[in-house]
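Top to bottom, those sequences are chains U and W. Take the first sequence: its position 4, counted from the start at 1, is 4 in my numbering, and no numbers get skipped. Converting from the second sequence to my numbering requires adding 237 to each position, the first position being numbered 1.
For the record, the hints were derived by calculation from the structure and aren't laboratory data. Each residue gets a CB set at the ideal place from its N, CA and C atoms; glycine is no exception. Please note that the accuracy of each hint is not assured.
Label pairs and their in silico Cβ distance ranges [what the hints assert, rightly or not]:
(1) W/Arg327 <-> U/Thr60: 27 to 37 Å
(2) W/Arg263 <-> U/Asn33: 43 to 53 Å
(3) U/Ala18 <-> W/Gly329: 29 to 39 Å
(4) W/Ala271 <-> U/Ala156: 37 to 47 Å
With the Cβ distance kept under 7 Å, some of the chain U side facing chain W (calculated, not the full set) [as the list claims (entries may be wrong)]:
(5) Ser5
(6) Leu14
(7) Ser161
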Amino acid sequence: MPAISLNPQTRFLLLGSALLTGMLILWWFVLLNPLLFLLRGAVQVCGGAVFSGRSELSVTEAPSGDWTFEVPLEATLPRSLENPTPQQMHSIDFDLARSDAGAFTFGLPVYWAIMLAAPGIRRNLRPLLLGTLAMVVLEIALLLVTAEIYAHKALAQLLPSQDPLGNWFLHFSEYLSVSAIPYVIPFAVALWVDRELREQIFHWASAAPLPAEAAAISAGNRPGKRPRQMKPARKRG
Amino acid sequence: MKDGCNGVNVTILLWSAILAFPAAWRMKVLGLLAGSLAIQLMNVVRFISLFYIGQYSTNWFEFAHGYLWETLLMLDTMVVFWLWVSRVSRAGTVPNAGD
């Protein structure tokens with residue numbers, strides 16, 4: 001039976017879609033809970049370092065699975081009818097739904113699916129490992145940024161004076177950090193770490209050859225040309 | 238149906254990539270139109286599949302709506318852009334890495 005030959009784009013789309021489906025099912029049923037546990041621990045450790053000098057960031061899990069953040073934030077609430085004297089705040093609490101927290105872990109299986117569908121990954125696993133590390137760092141950083149945004153949003157609701165531009169900025173930042181960036185990160189990291197995928201998509205002619213091309217050049221072939229057929233050495237004399 | 242469900246976010250992403258890529262304006266316009274159409278077609282498939290998944294199970298709907306289809310649309314957008322760049326390069330305007 002003749003093999004079906006697909007162009008690289010179709011192959012990447014079909015293989016990528018199948019791998020994405022498989023990886024995300026694996027994540028949904030197996031990896032989600034352990035990754036959420038690890039993420040919560042990592043955010044507490046990293047948050048302690050980021051917010052050092054202020055009170056500690058704490059994340060606790062409710063029985064429902066939702067997370068309660070206590071983010072250090074210095075602010076003074078002005079006088080109001082309920083509080084006749086100004087009140088000094090040192091931290092602010094808010095809840096993050098479990099499904100929203102999960103959005104900061106699903107980038108990892110998505111990244112693995114893209115990389116495994118990318119051409120030439122079997123020759124070089126380094127981008128896969130490097131990208132996984134980058135994904136972990138970026139997901140933790142993004143959750144810390146999101147916690148800071150939510151804390152400022154909660155504070156803005158407590159303050160009587162409303163700043164429309166500031167509120168719009170917080171709303172837009174929340175949209176980016178929860179609904180846009182987590183979905184873009186795995187694709188951006190894949191393009192960043194995998195030179196072969198990047199050069200195939202953008203059709204960039206790079207100065208240095210790809211690993212596969214370098215091997216062909218060192219064997220006496222030029223990329224883009226048909227490889228010369230090796231003739232058997234003729235015995236002299 | 239919310240704003241994000243109409244595929245506008247990935248369409249904006251594709252438009253940004255096409256407009257930022259060095260190519261002839263005719264090719265860019267062609268890419269914007271054909272790319273948007275491809276994304277919208279994929280989004281229609283998404284709607285239909287989500288309707289049937291929603292009839293079957295709320296949990297599977299949440300999974301497919303929140304994660305699976307979002308990333309499949311991103312992958313589709315990436316491939317649409319890749320196809321467009323291939324077309325541009327065949328037309329003879331291939332940029333170099335240093336440009």
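Going down the list of hints, with the structure as the test:
At roughly 57 Å, the beta-carbon separation of W/Arg327 and U/Thr60 lies outside the given 27 to 37 Å, and the hint is violated. At roughly 52 Å, the beta carbons of W/Arg263 and U/Asn33 sit within the given window of 43 to 53 Å. Distance hint check: the CB atoms of U/Ala18 and W/Gly329 are about 34 Å apart, consistent with the given range 29 to 39 Å. Here the CB-CB span from W/Ala271 to U/Ala156 is close to 43 Å, well matched to the stated 37 to 47 Å.
Checking U/Ser5 against chain W by beta carbon gives a least distance of about 16 Å; that is not within 7 Å, so the hint is violated. For U/Leu14, the suggested interface contact is broken, since its CB lies about 10 Å from the closest CB of chain W, more than 7 Å. Below 7 Å, beta-carbon pairs count as interface contacts, and U/Ser161 has none with chain W, the closest being about 29 Å; its hint is therefore violated.
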